[in-house]
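Enquirer: Next come the chains, spelled out residue by residue.
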Amino acid sequence: MEAANSPTISETRKTPLNALHRRLGAKMVNFGGWDMPVEYPSTGGLVAEHKAVRGSVGLFDVSHMGDIRIHSGRALGGALAAVQHISMNDASRLALGQAQYSAMLYPQGTFVDDVIVHRLGEDDFLLVINAGTREKDINWVRQNTKGFACAVEDLSDAYTQLAIQGPRAAEVLQKLTDADLAPIKNYWFTHGTVCGLKNILIARTGYTGEDGFEIYVPSDAATSAQVWAKVMEAGREFGILPCGLGARNTLRLEAKMALYEHEISDNINVWEAGLDRYCKMEKGDFIGRAALEREKSAGVKRTLVGLEMVERGIARDGYCCCNEKGETIGVVTSGSPSPTLCKNIALAYVPPGMSAIGTPVYVEIRSQKAKAQVVPTPFYKRARKAGPQAVATSTAKTV
Amino acid sequence: MAYPQNYRYTNQHEWVDTKGDVATIGITDYAQHELGDVVFVELPKPGTKVTAGKSFGNVESVKAVSEIYAPVSGEVTEVNGDLHNTPETINTDPHNAAWLIKVRLANPADVKSLMDAAAYEAFIADKGKEASA
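The listed protein sequences derive, respectively, from chains A and B. Using our numbering, read the first sequence as starting at 1 and increasing by one per residue. Using our numbering, read the second sequence as starting at 400 and increasing by one per residue.
Bound-form chain B, shown alone (with noise of 0.2 Å):
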């Protein structure tokens, strides 16, 4: 699956899309597949402030909880409540449909700090590496 150039993405696996002032933040590909079948998903309510870096809800898989890190801080504008019945939307469309949460920057240049597509690519290779190695 092709990581869109106009995201910027976490080391964490958390994906970006900045129109304005409001961030769409979402999981990557490579973390659904990392998860497997996901089944579960806990977010936080609109009003919440989030803090880059600092987890703000949870993924869960049949095996396993991942906690989701918030790439930015802000307050959360929207949430993804359809997840709440089709979580398994995180497998088939990471990217687009299963955005997670919506949330007004507090400090726009947050995003800047971040990878784009190509550093991100570049990064899960490396990963790639490491576990075959």
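Same shape as in the complex, but just chain A (with noise of 0.2 Å):
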């Protein structure tokens, strides 16, 4: 009761399918201020969840990212100047209805926060943010917006966000759905009628490394909880698994990408993270690029590389690496078992000296040191398949 006087005391906020994960026994974390599922074991746990993602198809509540939209006001070309200027990838280059990976950044170069960025329109553009970071970027956005003459819209809490992702997910998907999804491209996307429900964005993305979809249903919780039951009985037929953010993790450690406070934050640059292949310097200015010019001549300090374990341990996120004179060179940013690999990975900033394939790394854990390698990143890649009917063949069932 003395707590409701505090205001230091903030509640963790709920998406709107709380209610439905509960039911389900999910087991409920606090993941960056919200209340959300790690795991439901009662249909198998993580590695379970992890495997049907793999191998056939799984359903996210990602309802906790945020949403930005960016648009123009009459004047056309105020937010893709907008865009430009706040994120480090090219948005000039999005056709509509394409989507692209990127970052904003702090004027040293540092990470605010990786952003998917959507061009809705031509003069319009969403981009989806970390759930950890949501009034943090709205605030940057807003801020550094100013000058153009463009609109800022937190659309954050107008969308459930579903991810339905694995090598079925788009036989599931197309059951619920007008849309054609076969041509739709990795990081397109397009607009169509989702369960009954008009105008629903439909995205090929995902935090996975599998194919998968990722739509924005509106967010009252009737809805919302509607959707997910007609998501899991279409993907029944393929032992769909309702996936929390256990599963999630060890997707995208798997498919090395970042996670904010982890792999990228506001003190690791984008040449230190790997992720030059975002980031245009010859797009012109943007926030950011004058630093990481400089950072460039200079060269990096630390760089991201994958690391095996080769003796008996886990590496986990925070752990110290030592080179083989025990002297600490690096960090762990994100480390775990592979349920695909059944290997011990990690993901580890060290000296660029000792970035170099299959050199050793000790990892402290509970004050022994035990030997790593680096190894190629990322760690699972799916297989392309050379058309629509060479899809994966196996389920849940058989993995």
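What the hints contain is simulated information worked out from the structure, not anything from laboratory work. A few of these clues could be false.
Here's a subset of chain B near chain A, in silico, CB distances under 8 Å, partners left out [stated by the list, open to error]:
hint : residue
1    : H432
2    : D436
3    : F439
4    : P443
5    : E459
6    : V461
7    : K462
8    : V464
9    : M514
Backbone N, C-alpha and C define an ideal beta-carbon position, used for all residues, glycine too.
Dock the two chains into a complex; use the hints.
Expert: Structure representation (structure tokens):
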């Protein structure tokens, strides 16, 4: 009762599907201020969820992600210029209906957040941002687009965002929509009727390293629960599982996708994170560009590498990395057993001189040093199918 | 899963099965549920002294590392080496096949201060209420 009087206590936020997750018996955790399902033990738990996505299909509630729309007022061009100014990839290259991985940077070339930029219209963009950085991002966008003829809208609470991921995702979603999903390429999107709801954004994006879609439906609890139930029903023949943040993390780690405050943060720059190919220095000025120019000629002092444990032990986030002499040389940013590879893998920052494939790195696990080695990344890359018929045939039951 | 009547339990979710002056120690079904899929176990070597209330090893799920606390003090006489290769036994048979270590009791009276099965079941039922409150 006393807590109610304290202005410092902030309540954890809930997505419109929170009650449903609890009914399913999900184990809930606080993630970036959100009360989110980490796994659903009653349907098999984290490893089963991970394997469902790699082998067939899984459904994630990712409504905690934020959404910022930047569009022009009367004068065309203001929104594109604003997006170009605040993000490092080249949004001018996007066709209508196309999306790109990008990031917003601080003037020193480090990360405000990584984002997916969708081009909704000629001068109309949707930026999908991380949950834990929502307020910071929105303030940042508002602050840094003031000089541009554009409108900034926070649509974060307007959508329930569902991720349908896995080699069978297209088949599942196709049952529920009139939009033809087959021609939608990776990182493209369309609008269509989904579960009877008109004009739903359907994007072939995800955070799993697998084929899949993210759909943005109205955020009222009843509609959200209805769409969730219909996706689960449509996926039943493929052994679809509800998936939590635990599997989302192991899936994205295998695919070497960055997580904010881990691989990227306000003190890691683009070159260190190895995200060069999403940073278009030649597109013209943007926030962070001048610093990145300087950093490029100075050279990086640390670089992100993949590690695989050679000796027994699991490298975890924050563990120290040492060289053969026992000197601390770096730190693990994410580490976990890999359910797909059945190996213990990690991402770590090490000096460039220790980044060659095969270099031994020792991870300090509870005061003991366990040997690991630098391996190629991503740890997992899905096989590119030759055509729509060549989809993986395994299902959740067989893996 | 039933909690064996002849075991004693701690509020850190370890169990103890005492035969003479040797205590077999494991983690409870409640604990394995909380952990999720167990993928790694780190246990002390035979001959190691463990102290009641102090950590003697770790159990890791995909997601997290959890310390295991010694319910009693004594010297480790035997370690369940099978768990190195099949840590998932902790999920499937926590009260029997997935015992962790055997300890020669330094002070057999240690066991008396632990909860019996009924008290432990009441304890975890209370925790369930807390979680849903």
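Enquirer: Run every hint past the structure and note whether it holds.
Expert: Quick rundown of the hints versus the structure:
Taking 8 Å as the C-beta cut-off, the interface hint given for H432 of chain B holds, the closest approach to chain A being about 7 Å. Interface hint at D436 of chain B: satisfied, since its Cβ lies 5 Å from the closest Cβ of chain A, which is below the 8 Å cut-off. Checking F439 of chain B against chain A by beta carbon gives a least distance of about 6 Å; that is within 8 Å, so the hint holds. With a cut of 8 Å, the hint placing P443 of chain B at the interface with chain A is violated, because the nearest CB-to-CB distance is about 12 Å.
A cut of 8 Å between beta carbons decides the hint on E459 of chain B: the least distance to chain A is about 6 Å, and the hint holds. Interface restraint check for V461 of chain B: the shortest CB-CB distance to chain A comes to about 5 Å, inside 8 Å, so the restraint holds. This hint holds: K462 of chain B has a C-beta 5 Å from the nearest C-beta of chain A, less than the 8 Å allowed. Nearest Cβ of chain A to the Cβ of V464 of chain B: about 7 Å, under the 8 Å cut. The hint holds.
At its closest, the beta carbon of M514 of chain B sits 24 Å from a beta carbon of chain A; the interface hint therefore is violated under the 8 Å criterion.
Hint compliance for this structure: hints 4, 9 are broken, all remaining hints hold.
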